[in-house]
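Number of protein chains: 2
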Amino acid sequence: MVPEKPRPTLKDIALQAGVSIATVSRALADNPAVMQQTRERIQALAAELGYLPNAQARALQSSRTNTIGVVVPSLINHYFAAMVTALQDAAEAVDMAVIITNSNENPTVLASSLDFLASHGVDGIICVPDEGCADQLEELHRRSLPLVLVDRELPASTIPTVVSDPEPGIREAVALLARHNALPLGYLSGPTGTSTGRHRLDTFRQACAEAGLPEQPVFLGGYEQHQGFEGANHLIGQGVKTLFAGDSMMTIGVLEACHRAGLRIGEDISVIGFDSQPLFDLQPRPLTLIDQQVEIMAHRAFDVLHELIEGKQPQDRYLRIPTTLIERESIRTTS
Amino acid sequence: MVPEKPRPTLKDIALQAGVSIATVSRALADNPAVMQQTRERIQALAAELGYLPNAQARALQSSRTNTIGVVVPSLINHYFAAMVTALQDAAEAVDMAVIITNSNENPTVLASSLDFLASHGVDGIICVPDEGCADQLEELHRRSLPLVLVDRELPASTIPTVVSDPEPGIREAVALLARHNALPLGYLSGPTGTSTGRHRLDTFRQACAEAGLPEQPVFLGGYEQHQGFEGANHLIGQGVKTLFAGDSMMTIGVLEACHRAGLRIGEDISVIGFDSQPLFDLQPRPLTLIDQQVEIMAHRAFDVLHELIEGKQPQDRYLRIPTTLIERESIRTTS
Numbered sequence: 033m034v035p036e037k038p039r040p041t042l043k044d045i046a047l048q049a050g051v052s053i054a055t056v057s058r059a060l061a062d063n064p065a066v067m068q069q070t071r072e073r074i075q076a077l078a079a080e081l082g083y084l085p086n087a088q089a090r091a092l093q094s095s096r097t098n099t100i101g102v103v104v105p106s107l108i109n110h111y112f113a114a115m116v117t118a119l120q121d122a123a124e125a126v127d128m129a130v131i132i133t134n135s136n137e138n139p140t141v142l143a144s145s146l147d148f149l150a151s152h153g154v155d156g157i158i159c160v161p162d163e164g165c166a167d168q169l170e171e172l173h174r175r176s177l178p179l180v181l182v183d184r185e186l187p188a189s190t191i192p193t194v195v196s197d198p199e200p201g202i203r204e205a206v207a208l209l210a211r212h213n214a215l216p217l218g219y220l221s222g223p224t225g226t227s228t229g230r231h232r233l234d235t236f237r238q239a240c241a242e243a244g245l246p247e248q249p250v251f252l253g254g255y256e257q258h259q260g261f262e263g264a265n266h267l268i269g270q271g272v273k274t275l276f277a278g279d280s281m282m283t284i285g286v287l288e289a290c291h292r293a294g295l296r297i298g299e300d301i302s303v304i305g306f307d308s309q310p311l312f313d314l315q316p317r318p319l320t321l322i323d324q325q326v327e328i329m330a331h332r333a334f335d336v337l338h339e340l341i342e343g344k345q346p347q348d349r350y351l352r353i354p355t356t357l358i359e360r361e362s363i364r365t366t367s
Numbered sequence: 033m034v035p036e037k038p039r040p041t042l043k044d045i046a047l048q049a050g051v052s053i054a055t056v057s058r059a060l061a062d063n064p065a066v067m068q069q070t071r072e073r074i075q076a077l078a079a080e081l082g083y084l085p086n087a088q089a090r091a092l093q094s095s096r097t098n099t100i101g102v103v104v105p106s107l108i109n110h111y112f113a114a115m116v117t118a119l120q121d122a123a124e125a126v127d128m129a130v131i132i133t134n135s136n137e138n139p140t141v142l143a144s145s146l147d148f149l150a151s152h153g154v155d156g157i158i159c160v161p162d163e164g165c166a167d168q169l170e171e172l173h174r175r176s177l178p179l180v181l182v183d184r185e186l187p188a189s190t191i192p193t194v195v196s197d198p199e200p201g202i203r204e205a206v207a208l209l210a211r212h213n214a215l216p217l218g219y220l221s222g223p224t225g226t227s228t229g230r231h232r233l234d235t236f237r238q239a240c241a242e243a244g245l246p247e248q249p250v251f252l253g254g255y256e257q258h259q260g261f262e263g264a265n266h267l268i269g270q271g272v273k274t275l276f277a278g279d280s281m282m283t284i285g286v287l288e289a290c291h292r293a294g295l296r297i298g299e300d301i302s303v304i305g306f307d308s309q310p311l312f313d314l315q316p317r318p319l320t321l322i323d324q325q326v327e328i329m330a331h332r333a334f335d336v337l338h339e340l341i342e343g344k345q346p347q348d349r350y351l352r353i354p355t356t357l358i359e360r361e362s363i364r365t366t367s
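Heads up: the sequence lines are chains A and B, in that order. Everything in the first sequence is counted per the numbering used here, starting at 33 for the first residue and increasing by one. Everything in the second sequence is counted per the numbering used here, starting at 33 for the first residue and increasing by one.
Wrong hints could be hidden among the right ones.
To be verified - To give a feel for the contact side, a few chain B residues facing chain A, derived at Cβ under 7 Å:
1) 47
2) 51
3) 52
4) 152
5) 311
Simulated from the structure, these hints should not be mistaken for laboratory data. All figures in this text were calculated on a predicted structure; none of them were measured in a lab. In this text, a Cβ means the ideal position worked out from N, Cα and C, and glycines have one as well.
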């Protein structure tokens with residue numbers, strides 16, 4: 033579906049003219065919000081470069097609302113609030129607005145959000161998918177609605193996708209814990225019905241094997257604080273020396289369990305968390321954690337969506353942003 | 033504009049039939065999603081009570097999307113994330129969906145969000161207003177779009193409004209601090225361009241006067257963490273013994289300032305915060321704080337909006353939910 037000869041796009045003109053894409057778009061529409069002199073300069077440049085929006089692109093453009101939809105599974109989860117905020121920053125930089133829906137991890141709610149967004153004039157959608165909505169998402173994609181999946185992926189999908197790669201962060205974390213002999217490790221896994229839950233758990237197990245460790249205790253949790261709390265209590269009961277939380281919300285549950293049990297993190301027990309947020313910094317011993325670089329992920333996802341909206345084929349349809357380990361003070365050394 | 037003889041509404045029928053408003057609505061539309069027996073029972077009851085939707089209500093109903101818009105100034109702020117989540121719970125209980133926009137405290141962004149929502153088929157809007165958008169909100173209200181203001185109010189507006197009343201919580205807090213002799217108090221005020229910022233600051237000053245205290249140091253901040261951080265450093269420099277944060281985000285900034293300065297909260301310095309969230313519980317000494325009962329506020333705001341959408345005049349057009357002081361361990365006693 034890639035055009036044989038790539039034509040110059042609004043972005044190409046914007047780069048050459050040294051103005052924003054929104055300004056080029058307005059100048060080509062002869063919008064008086066752009067100074068006449070600038071309008072003429074941009075129109076001349078577009079003609080020179082051979083810019084010619086095709087009928088479809090023109091039709092799309094004329095019905096554009098400059099608004100995108102963003103669908104996340106939670107807003108109480110600071111990670112997704114940060115993702116939405118970063119997506120909005122990226123959109124505002126090109127004069128686009130964002131409307132948000134929260135599926136509460138409920139595929140029925142997600143399905144009706146997608147229906148509403150697709151039928152009420154958004155130019156494109158960035159969605160944290162649920163595998164229960166795969167057919168509907170594939171259908172929107174086939175109907176050429178600009179669509180990007182973020183954070184989680186759908187197995188065997190060709191929808192453009194931006195996710196984080198858990199491997200670098202988790203491998204480094206397990207190696208660090210093995211070096212500090214903070215063993216046994218207790219891993220709190222996210223739901224295996226999500227790509228993130230599965231991939232992180234597989235990576236944890238592989239990293240343990242590579243570090244020469246026998247199988248370590250795992251608690252199959254979810255993406256809520258109470259599951260982290262229950263899992264931490266369960267793993268503490270099994271005698272683990274480290275609690276390794278597989279997402280943000282379970283990290284909070286782990287903190288709650290340690291707090292209630294009077295366990296001092298980094299002294300009585302080691303803790304490793306997921307994602308950055310003030311709660312994890314403002315502890316007597318700031319948490320060592322795996323950071324997903326959520327702002328970068330959001331900006332990349334927006335860039336891909338923006339290219340699709342502009343009628344371009346994105347260069348990369350599958351992007352993985354590496355996780356990194358941020359080492360702080362929550363790992364104790366057992367001699 | 034109140035109808036002379038109030039007719040029974042969907043809610044009245046629902047109460048008498050012992051079913052949800054959504055079920056009544058569906059039964060009257062002869063929707064097969066409701067069991068035939070129930071449909072007939074509800075239709076008979078509606079006839080008996082003389083229920084007759086007027087043409088306007090019918091027209092509105094037929095174009096309804098069962099979707100409301102919610103406009104908040106931040107999602108990184110846990111207080112607003114909790115508000116949105118509670119609004120969504122209330123809406124889902126009557127089969128309505130929620131779409132969300134985040135103004136980032138920017139009146140221009142808020143204005144275009146309102147435009148988008150109003151022109152793209154939401155049945156009503158719940159908005160944390162910005163005083164810079166007062167005219168636009170009044171205009172939407174005049175055009176009879178169901179609209180409820182929440183958290184902040186507009187001076188002299190007749191738009192239905194649900195806010196929290198800072199007085200009980202702040203008065204009790206100041207009295208407690210005076211009793212513990214945790215003086216001088218340093219108050220971090222929200223922006224005086226918001227009703228919440230003004231009302232809390234006025235209440236703080238009055239409460240100090242009533243407790244027989246001379247004027248206490250005040251820092252005029254905002255609703256962001258870095259303003260709490262700067263304000264706390266400034267007030268610590270002035271020798272205060274208590275840091276009293278006037279909102280959630282500045283409470284986080286206060287924690288950050290104490291953390292960096294190595295001040296132990298509840299031992300070296302007293303801290304009192306605003307709003308409940310895990311970060312404030314999971315401290316060596318959990319924070320004493322003023323709780324706004326955000327879930328109750330959200331549910332009341334939704335109830336008012338829902339009445340407006342159903343074509344009823346709400347009983348209360350101005351609701352204040354009292355704040356409460358939650359006493360924990362972050363106040364030290366100075367002898």
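Outcome of the hint check:
1. The beta carbon of residue 47 (chain B) is not positioned within 7 Å of any beta carbon in chain A (closest approach about 27 Å), and the interface hint is therefore violated.
2. At about 20 Å, the closest approach between the beta carbon of residue 51 (chain B) and any beta carbon in chain A exceeds 7 Å, and the interface hint on this residue is violated.
3. For residue 52 (chain B), the suggested interface contact is broken, since its CB lies about 17 Å from the closest CB of chain A, more than 7 Å.
4. With a least beta-carbon distance of about 5 Å to chain A, the hint placing residue 152 (chain B) at the interface is held under the 7 Å criterion.
5. Here the hint on residue 311 (chain B) is kept, as its CB sits about 4 Å from the closest CB of chain A, short of 7 Å.
Comparing the model with each earlier hint shows violations of hints 1, 2, 3; every other hint is respected.
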